[in-house]
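There are 2 protein chains.
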Amino acid sequence: MKKTQTKNNPKLTLEQLGKNLVQQVKSMKNPEITLPIRALSNIEYNKKTGTLQLGSKEGKRSFFNLGHAKKFLQTVEVASILKKELLDTGKHEHLRGVFYITKRTIPGTNINIVDEQVESDKVIEDLEVITGLSREQLHVSANKMGSMVGNVSLIDSGDTIDCSKLGRGGYSIPSITDELQFKKINAKFVLYMEKAAIFERLNEDKFWQKNGCILITSQGQTTRGIRRLLQRLAEEGNLPIYVLCDGDVYGAYIYSVVKYGSIALAHASERLTIPSVKYIGITMDDIVKYDLKKQLIKLDEKDLARIKQVSQYEWFKDNKEWQKQFKMMKEFNGKVEIQALATKGVSFISEIYLPQKIKNKDFID
Amino acid sequence: MKKTQTKNNPKLTLEQLGKNLVQQVKSMKNPEITLPIRALSNIEYNKKTGTLQLGSKEGKRSFFNLGHAKKFLQTVEVASILKKELLDTGKHEHLRGVFYITKRTIPGTNINIVDEQVESDKVIEDLEVITGLSREQLHVSANKMGSMVGNVSLIDSGDTIDCSKLGRGGYSIPSITDELQFKKINAKFVLYMEKAAIFERLNEDKFWQKNGCILITSQGQTTRGIRRLLQRLAEEGNLPIYVLCDGDVYGAYIYSVVKYGSIALAHASERLTIPSVKYIGITMDDIVKYDLKKQLIKLDEKDLARIKQVSQYEWFKDNKEWQKQFKMMKEFNGKVEIQALATKGVSFISEIYLPQKIKNKDFID
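Residue numbers (my numbering), protein chains in the order written: chain A, 1 to 365; chain B, 366 to 730.
Hints in this document: simulated from the structure, not taken from any laboratory. Be careful, since some hints might not be right.
What the hints assert, rightly or not - Just a few of them, taken from the derived set where beta-carbon distance is under 10 Å, the chain A residues facing chain B:
| hint | residue |
| --- | --- |
| 1 | Thr89 |
| 2 | Asp205 |
| 3 | Gly345 |
Beta carbons: idealized from backbone N, C-alpha and C, even for Gly.
With the hints as extra help, turn the sequences into a complete structure.
Have a look at this one:
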């Protein structure tokens, strides 16, 4: 099934998947579904597009195969639920809800179609690669996370929301951001930060107003909803995206997921990654420049092991700037949190640090 | 220092604290600060108000006392930072930021005023009991969490926000909600739920529109900001608050914190607890009524130990309804998630379950 022909109509795509199976049954064939293999062995780092992608290796899942039968059934059952319960009604359901709906006993047996959520989650990811549709297009969501404020107004389910008029709180980002429509974007850049504490600091200082930008935070991992939102702001708003994280290997990894994608979601890179994104800080050079040595937190075994692992990832391996960062982390034997900038003054980050970085284009790529 | 006289002006309160110490120094006395003891031995469950409260035991912290000196210094230093860096400038800072600002070396020594965040956090809680002010009044925040939608409009830092016009996303609740002003509340009740997944389900189904209410979720623990917001909606809006959690001992505990308070924050009960709050579900009776036995998740050792512990808390001990719930949890040897209701249909929760509960006043107190 080609991506291009199916992307526009999820309902028809799932219907076609079913019709193909019925056709196979009618022709007395063993019903089977072809899908790209999703394993490290079939993941490629595409240097040209700068993203992780699935390779061309394919597998088959067929009904009359003892090793495949349950997985085949799960795939067809979940596809049917997504079509009937969600796409046909226009409703959305969370991964956990889809699990509960799928978790029923096969009639006439004591066997559950799925026993654990990981099974239905896996099948939903499979359906993404089988159909070329995203989980969001299939109306399946994950946990909602994060906030946005700044010079952007958008339409969310018929409501027009002006993110420059939402006080200290801001717009609570929904789990699925594909369906938002941007009404007006009047910003020079987007600043994405992992920490909600920093978001509140910058919002209180009206950083977005003074610098004409949009602020987005996740407080925790960058969800698919936030990645897609950032990508859409980069593409539809033609905006640079700057990532602000703690100065440690975990910050580097958060940045790399936004930029290149992740192994688990390599099949979704096209809809989630932002090759143009830049890392604004905290860098190891900042520790010297802004005299933060006293604020260093000593690395432990786990940090060191993670630096070793991340620095060898294909997308970091040949990147001289990042290799220098990893080397400095080891030399300092330390990491530094964004909040350490508060030692220079509560608003040092919004009045000095970030404006200087942006003015001097002091980014890591 | 009496609570009543100080609550209105945090700046003057901290100034007075300092002036008292200067006065003691000038009189050649050993400078000391009196504060209520914050330990289980001084925590009382007030049956009349239905909240956990600090008792009347007091301790002293003095400068010329080897065991007190560092803590005394920390208390005075943090008080000074809160006054000068935050209250005087009108800015807010997170607990982590206050830690970094406090974490400097005592001049002429190698000793840091604080080494770990837990030290500055503790001092901030001490300053709450010393001054009778809340952490929020002292302009110190914790992580921002949660979303709100529904029939309420409010003013946040000069922006008027109508929570009935914020799409699927909603209003992102700031970490400090004391400073919000309600402009118009046109709701019959507030439904607070731990899970953002359920919030999105109910919001998509326009539950708040159909039932004239306000929806609030935390996704995780109920932060102080959310507790204070719920309390203010209960008091200023004169609204019933219903709590929707998983059917397990953790859900019962989340409910009890909103209603009675918590041991760690007993000194702040007055500003955070809501004695009138009701538990709407999931109850153990629901498992029978709505045929959810197949959806039970088996209890493990940890669950059982927690049931034993929570059921013996003073505020649950004499509560027959809750004791019945704990007994049923053990009899079923299981717990049930809110999402299990999806097995009855994606919108069963918004169309049947909640409306029935509310109509029949089927709550636990």
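Verification of the hints:
1. With 10 Å as the threshold, the beta carbon of A:Thr89 comes within range of chain B, its nearest partner Cβ sitting at about 7 Å, so the hint holds.
2. At about 8 Å, the closest approach between the beta carbon of A:Asp205 and any beta carbon in chain B falls short of 10 Å, and the interface hint on this residue holds.
3. For A:Gly345, the interface hint holds, the least distance from its beta-carbon to any beta-carbon of chain B being 8 Å, beneath 10 Å.
The structure shown violates none of the earlier numbered hints.
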